[in-house]
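Below are the chains, spelled out letter by letter.
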Amino acid sequence: MEPILEIKNLSYIYSIGTPFEHKALDNISFAVHRGEFIGIIGHTGSGKSTLMQQLNGLLKPTSGTVLLEGKDIWSDKQLTRQARFRVGLVFQYPEYQLFEETVYRDIAFGPKNMGLSAEEIDRRVREAAGFVGLTAEQLEVSPFDLSGGQKRRVAIAGVIAMEPEVLILDEPTAGLDPIGRAEILGNIESYRRAKNATIMMVSHSMEDVARLTDRLLVLNGSKLAMDGTPAEVFTHAEELVDMGLSIPEVTQVFLHLRKLGLDVENVYTIGQAVAALKKIRGGAAHA
Amino acid sequence: MLKDITLGQYFPGHSVIHRLDPRTKLIMLVVYIVALFLAKTWVSYALMLAFLVWVIQISTIPPKAIVRGMKPLVMILLFTGILNLFFSQDGRVLVHFWIITVTTGGVSRAAMMMARILMLITGSFLLTYTTSPIALTDGLESLMGPLKKLKVPVHELAMMMCIALRFIPTLIEETDKIMSAQKARGADFENGSLMDRAKALIPILVPLFISAFRRADELATAMECRCYQGGEGRTKMKQLHYHRNDFFAFGIGGAVVLAVVVLGQFGL
Ligand SMILES: Nc1ncnc2c1ncn2[C@@H]1O[C@H](COP(=O)(O)OP(=O)(O)OP(=O)(O)O)[C@@H](O)[C@H]1O
Ligand SMILES: [Mg+2]
Numbered sequence: 001m002e003p004i005l006e007i008k009n010l011s012y013i014y015s016i017g018t019p020f021e022h023k024a025l026d027n028i029s030f031a032v033h034r035g036e037f038i039g040i041i042g043h044t045g046s047g048k049s050t051l052m053q054q055l056n057g058l059l060k061p062t063s064g065t066v067l068l069e070g071k072d073i074w075s076d077k078q079l080t081r082q083a084r085f086r087v088g089l090v091f092q093y094p095e096y097q098l099f100e101e102t103v104y105r106d107i108a109f110g111p112k113n114m115g116l117s118a119e120e121i122d123r124r125v126r127e128a129a130g131f132v133g134l135t136a137e138q139l140e141v142s143p144f145d146l147s148g149g150q151k152r153r154v155a156i157a158g159v160i161a162m163e164p165e166v167l168i169l170d171e172p173t174a175g176l177d178p179i180g181r182a183e184i185l186g187n188i189e190s191y192r193r194a195k196n197a198t199i200m201m202v203s204h205s206m207e208d209v210a211r212l213t214d215r216l217l218v219l220n221g222s223k224l225a226m227d228g229t230p231a232e233v234f235t236h237a238e239e240l241v242d243m244g245l246s247i248p249e250v251t252q253v254f255l256h257l258r259k260l261g262l263d264v265e266n267v268y269t270i271g272q273a274v275a276a277l278k279k280i281r282g283g284a285a286h287a
Numbered sequence: 001m002l003k004d005i006t007l008g009q010y011f012p013g014h015s016v017i018h019r020l021d022p023r024t025k026l027i028m029l030v031v032y033i034v035a036l037f038l039a040k041t042w043v044s045y046a047l048m049l050a051f052l053v054w055v056i057q058i059s060t061i062p063p064k065a066i067v068r069g070m071k072p073l074v075m076i077l078l079f080t081g082i083l084n085l086f087f088s089q090d091g092r093v094l095v096h097f098w099i100i101t102v103t104t105g106g107v108s109r110a111a112m113m114m115a116r117i118l119m120l121i122t123g124s125f126l127l128t129y130t131t132s133p134i135a136l137t138d139g140l141e142s143l144m145g146p147l148k149k150l151k152v153p154v155h156e157l158a159m160m161m162c163i164a165l166r167f168i169p170t171l172i173e174e175t176d177k178i179m180s181a182q183k184a185r186g187a188d189f190e191n192g193s194l195m196d197r198a199k200a201l202i203p204i205l206v207p208l209f210i211s212a213f214r215r216a217d218e219l220a221t222a223m224e225c226r227c228y229q230g231g232e233g234r235t236k237m238k239q240l241h242y243h244r245n246d247f248f249a250f251g252i253g254g255a256v257v258l259a260v261v262v263l264g265q266f267g268l
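Protein sequence lines correspond, in order, to chains A and B. Following our numbering from start to finish, the first sequence increments by one per residue and tops out at 287. Following our numbering from start to finish, the second sequence increments by one per residue and tops out at 268.
Just so you know, these hints were derived from the structure itself, not from any lab. It cannot be assumed that every hint is accurate.
Stated by the list, open to error - If the Cβ cut is set under 8 Å, some of the chain A residues that face chain B in the computed set are:
{"id": "1", "residue": "Asn-56"}
{"id": "2", "residue": "Asn-113"}
{"id": "3", "residue": "Val-159"}
{"id": "4", "residue": "Met-162"}
Cβ atoms here follow ideal geometry from the backbone N, Cα and C, with glycine treated the same way.
Turn these sequences into a full structure, and let the hints steer you where they fit.
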């Protein structure tokens, strides 16, 4: 199957030709397939946000290409604009971009820019609000009267309302309490299931990416350091620690158990841990 | 990218010029500008230019940076040049076309005005490139100190300027971020009629103002928490002192003005 997004030898340099020149991405290649849930992890400043902005044509690569269904998004203006709509990007702390008088109108901003009909816009706004758990009454209030977590959900709905095939979220749970985090992650999951969308999520929580994603991209010092399933990536515990990252706590516990001589396999989520422990107990009972 | 604007940006360094007292540099800039306006002939312009080039050289500021800073001012420069071209009708006629007459006097006057503006701007760039905004406001506050007697709130004004300067890069960065976020939702700032484009600014300006007010609020709270109180009785951690180099600078500056005046006397 043809990948929906393909990134080939992509490099990006900020402020090129000035004393402040900075190479933020260095020769990165990978492909994204339909329906995947990809996690992007990396130390602060490793280039995660920069990479995300390449994928919907906000930043133009210094060299290399970004292909959307096989077509270079920079080959003509129309395609670049299409990429903005088909690849939705939710920025870090998106609540600071709200500007309209009502939540409804703010969510409608994206669909309106797409030039959709009034009925279609209305349908999308209500559906997007549903995905993030906003009530019909909340649609009519000012976004500035909402709490931080609710504002975040309005901002995410604003991107979801464009019904992007690829939804990219840059640290969507940063600065939220545990319940707020779980709710947002649930919202993303429900959008993915309803639209069979592709999700890419930047996160600093190893637990979250281990539990939710099918695949992890690890960025380190502007380069793509690893690309594989969470199971594959988390076996390189030491390398990850060297990059300033960590592995899920439960994985650490199990690695330690193995060192102590217990015959367990590597696990990444609490669910797997429970299963593994049950197996041992079962084995012990038989013996 | 908005960030690449260098107008009035500080270039950290350790040159002699960087280390001069900010008051010295401010006074020297004023002296330099006065000298520029006293200079009436090409000989005195050449002297001023030589002085400027020498200062740029010892300041270790890359000339490229100065040229880049000029870019936004090209229009003003051209406009002045063209306007002055027709101001003077002395000398030999070079071009005569319909009601337009260009003479050698006009050309020389236009060239001189453009040189004056270029040198004036370069001089001010040298000040802002070699002096950190904090040092600059400190210097201004100290120079304007006597105005306190006239009940001018000098310290408060300096503090306001200092805060404003401090937040310019932050606000530019913030604008960049908000613009990207709205572009990701399909906002279009480049196409459409003037009206459309003005309207397209709303999604940027509203969040920008909200965040500026929020920052101002936070800063005020943080200052109050540290019992900030301006003006009377407040001392500085870094006191300004004139050093040997400052007196040298005053000497050289004085000599340049004197030379320009003397040259003027001889009609050069
Ligand atoms: N507008 C810009 N101009 C110049 N350099 C920039 C700009 N934005 C980011 N950078 C630099 O590029 C590098 C990568 O930044 P990026 O924001 O992509 O990192 P990140 O992986 O998202 O980090 P974080 O986890 O802190 O969000 C950093 O070193 C940063 O300083
Ligand atoms: Mg980031």
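Structure-based check of each hint:
no.	hint	verdict
1	Asn-56	holds (6 Å)
2	Asn-113	holds (3 Å)
3	Val-159	holds (7 Å)
4	Met-162	holds (7 Å)
When each numbered hint is compared with the structure, no violation occurs for any of them.
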